[in-house]
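2 protein chains.
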Amino acid sequence: MRMAKIISGHAISESMRAELAADAASFHAATGSSPCLAVVLVGEDAASQVYVRMKGKAAEKAGYASRTIVLAQTTPEDELLGVVDGLNADPDVHGILVQLPVPKHIDTQKVLRSIDPAKDVDGFHPMNAGALASGDLTVLAPCTPAGIIEMLMRSGYDPKGRHVVVVGRSTIVGRPVALLLLRDTPGGNATVTVAHSRSTDLAAITRQADILIAAIGRPAMTTRDMVKPGVVVIDVGVNRVEDAESERGYRLVGDVDYDDVAEVAEAISPVPGGVGPMTITMLLANTLEAAKRQHAMRPASSSRAGRAVSAAGG
Amino acid sequence: MRMAKIISGHAISESMRAELAADAASFHAATGSSPCLAVVLVGEDAASQVYVRMKGKAAEKAGYASRTIVLAQTTPEDELLGVVDGLNADPDVHGILVQLPVPKHIDTQKVLRSIDPAKDVDGFHPMNAGALASGDLTVLAPCTPAGIIEMLMRSGYDPKGRHVVVVGRSTIVGRPVALLLLRDTPGGNATVTVAHSRSTDLAAITRQADILIAAIGRPAMTTRDMVKPGVVVIDVGVNRVEDAESERGYRLVGDVDYDDVAEVAEAISPVPGGVGPMTITMLLANTLEAAKRQHAMRPASSSRAGRAVSAAGG
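The listed protein sequences correspond, in order, to chains V and W. Numbers 31 to 344, taken from my numbering, label the letters of the first sequence in order. Numbers 31 to 344, taken from my numbering, label the letters of the second sequence in order.
These are calculated hints, taken from the structure and not from any lab test. All figures in this text were calculated on a predicted structure; none of them were measured in a lab. Watch out, some of these pointers could steer you wrong.
It does not matter which identical chain is used: a pair holds within one copy or between any two.
Straight-line C-alpha distance at most 30 Å; calculated BS3-like pairs for lysine-lysine [said to hold, decoys possible]:
1. LYS322 / LYS35
2. LYS140 / LYS87
3. LYS134 / LYS87
4. LYS322 / LYS258
5. LYS190 / LYS87
6. LYS190 / LYS258
7. LYS91 / LYS190
8. LYS35 / LYS140
Required output: the full structure, derived from the provided sequences and hints.
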């Protein structure tokens, strides 16, 4: 029986991170400084702690500078905003990420708005969301949607002119990936449909997809009868389902019934090992891009001095 | 032969403007001030002069205060930004619109960013575009897309759960109307497809539409074979085609071949008299909404004083 090609976010991430590490080394050689990512964590949420640690480790492994600022669960909003202000003003910090969710006494939107848009490597600042909605080709795009585009392009599935159906309309994945797919640039120029929980006859919609992006958060809901043969599937779902045989008592499954759909699809991304690793990879890519732009913007004298020093050192 | 119901933007605008005039009168009674729209025109473009005059007249007819600031074609960017700053700071001005296009020596994005987002009644500020992209239900939405939603809702064609195909991905119409249609609110909750000039087999896509929004700017390109019987059509196109029999030497046609499609559609908006009048109507609606919010934000004392004066006067 023929099975779909696997779109491995894990493998694509590995080669992208090697490219980024080489690029970060060149940046250091040219400027005397390393791209620097600052991650702020408020509180002790176990999952958030894991994510923050993964981000810091990935940055360091790629030769970036990394800072992690951990604040107590009870930190007042003003104090968090003060920390962000300090990072905004620090020329050695190129990217800032406040790990979400923040504790309930803190206004998430206020925090996101407080980050300098030029350092907003998560792409969640309203100015960046607006630039993305306007088709801006230079914006720091949110990491998960940008990772989906990279997965398609690096697997040979250019969305240009094809019908991409996005299932899910979240502000973190569904809407921004639709906007990326509509841009007039490589990775864009798709015909894009966004469907969601209120869509009538969802299967009739998903069956039209040349490329299907499943991002609605329902375990294994997409089955073989909901796709057309030869479809390319990116599964963004990360759902915990009980599993007595697993040590942890659960396992992770995507929004797609993998075994069922893999028998008819042309290609499919797995969960885990699909979109997950790409999100951190795109965070590193955004941080390097932000670092390059911030150096290009500096007064010519200091930037030249940096280069002269590094040339002398090399 | 049965013909489609006509969705008259002209008629809907008339009743909406009467509602807005009544609402503006109540606002005046409660606060002692009228909603005020300031329109800034740079240069002498003939079409822009007509639009600016129409906006001012519509505002005055609805009982709004209206200001028109006309600046010379050669006005330096800084001077225009200074005018906008003055309007931003003026508590009597609730809505600000800079008529586009501005002369080439002026950076359009810089001008749009200079307008206080709370007074951005055109909905073009990146903060407002970002809020719209994030599904924000309180944002001042761009006027033409918001007008399209009103036309559908007031004609009894709720997009909820239906498949809406938008042809065209402009930042002024296609993308924002798609984002409005995706919101989880009345007028939203549609399944939305955005197609465009790069879409493969456009007719196969448009034939799936329960509601078709044509906004690509090609005269009469949508024909009967591109729609399914019973479709509801909103025609956003405004194209000039030569017409020797017309006094002006041209006539306006939409993106839809009206006579052809009207024979199979359930309902269709004409050009002219369709979306056109709705754009100015929504500008008035945004200005009133902005005025209400700005008054609600003022210190309680001054707002109460306004109400007391009006109560005494009435």
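Hint check:
1. LYS322 / LYS35: Answer is neither; intra-copy 36 Å and inter-copy 57 Å both fail.
2. LYS140 / LYS87: within (28 Å within a copy, 39 Å between copies)
3. LYS134 / LYS87: within (28 Å within a copy, 48 Å between copies)
4. LYS322 / LYS258: neither (43 Å within a copy, 51 Å between copies)
5. LYS190 / LYS87: Neither way: LYS190 and LYS87 sit 35 Å apart in one copy and 45 Å across, limit 30 Å.
6. LYS190 / LYS258: both (19 Å within a copy, 25 Å between copies)
7. LYS91 / LYS190: neither (34 Å within a copy, 48 Å between copies)
8. LYS35 / LYS140: Classified as neither: same-chain Cα gap 43 Å, cross-chain 47 Å, threshold 30 Å.
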